[in-house]
Amino acid sequence: MVKLVAFMVVDLLASWAIEVGHRRGVPVAGFWPAMLATYQLIAAIPDMVRTGLISETGIPQHPGSIMLSTKPTFANY
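So the sequence shown is residues 1 to 77, counted in full-length UniProt numbering.
Because the hints were derived from the structure by calculation, they are not lab data.
Don't take each hint at face value.
Stated by the list, open to error - Restricting the straight-line Cα-Cα distance to at most 20 angstroms, the calculated cross-link-like pairs of lysine to any residue (SDA-like) are:
hint : residue 1 : residue 2
1    : K3        : H22
2    : K3        : S15
3    : K3        : F31
4    : K3        : R24
5    : K3        : V28
6    : K3        : A34
What the hints assert, rightly or not - Label pairs and their computed distance ranges (CB to CB):
hint : residue 1 : residue 2 : range
7    : R23       : V2        : 12 to 22 angstroms
8    : V5        : R50       : 50 to 60 angstroms
9    : L41       : M1        : 43 to 53 angstroms
10   : P33       : L53       : 19 to 29 angstroms
11   : H62       : I18       : 31 to 41 angstroms
12   : Q40       : V9        : 16 to 26 angstroms
13   : R50       : E19       : 35 to 45 angstroms
14   : L4        : L53       : 21 to 31 angstroms
15   : M35       : M1        : 38 to 48 angstroms
16   : I45       : I18       : 16 to 26 angstroms
17   : H62       : V20       : 10 to 20 angstroms
18   : T51       : M1        : 49 to 59 angstroms
We put the CB at the ideal spot given by N, CA and C, even for glycine.
With the hints as extra help, turn the sequences into a complete structure.
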């Protein structure tokens, strides 16, 4: 008996799994088991590179600390 896959829940760190589901026609939902703040930091990397805060290899381009937002995480939604 062949069992069909109804959907996939994937850890977003294994982003390759999303493409596997799409290629097989299986709906995919992403799951991020880490804290929301960690996800927001990783999601901000392209903007930090674009604005020159970090290099494309992740090296800080300005001495000292930076503040990305003064709002608590929950206020951004």
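Now for the hints, and whether the structure bears them out:
| no. | hint | verdict |
| --- | --- | --- |
| 1 | K3 x H22 | holds, 18 angstroms |
| 2 | K3 x S15 | violated, 24 angstroms |
| 3 | K3 x F31 | violated, 23 angstroms |
| 4 | K3 x R24 | holds, 14 angstroms |
| 5 | K3 x V28 | holds, 17 angstroms |
| 6 | K3 x A34 | violated, 31 angstroms |
| 7 | R23 x V2: 12 to 22 angstroms | holds, 18 angstroms |
| 8 | V5 x R50: 50 to 60 angstroms | violated, 37 angstroms |
| 9 | L41 x M1: 43 to 53 angstroms | holds, 45 angstroms |
| 10 | P33 x L53: 19 to 29 angstroms | holds, 27 angstroms |
| 11 | H62 x I18: 31 to 41 angstroms | holds, 34 angstroms |
| 12 | Q40 x V9: 16 to 26 angstroms | holds, 21 angstroms |
| 13 | R50 x E19: 35 to 45 angstroms | violated, 25 angstroms |
| 14 | L4 x L53: 21 to 31 angstroms | violated, 46 angstroms |
| 15 | M35 x M1: 38 to 48 angstroms | holds, 41 angstroms |
| 16 | I45 x I18: 16 to 26 angstroms | holds, 18 angstroms |
| 17 | H62 x V20: 10 to 20 angstroms | violated, 39 angstroms |
| 18 | T51 x M1: 49 to 59 angstroms | holds, 55 angstroms |
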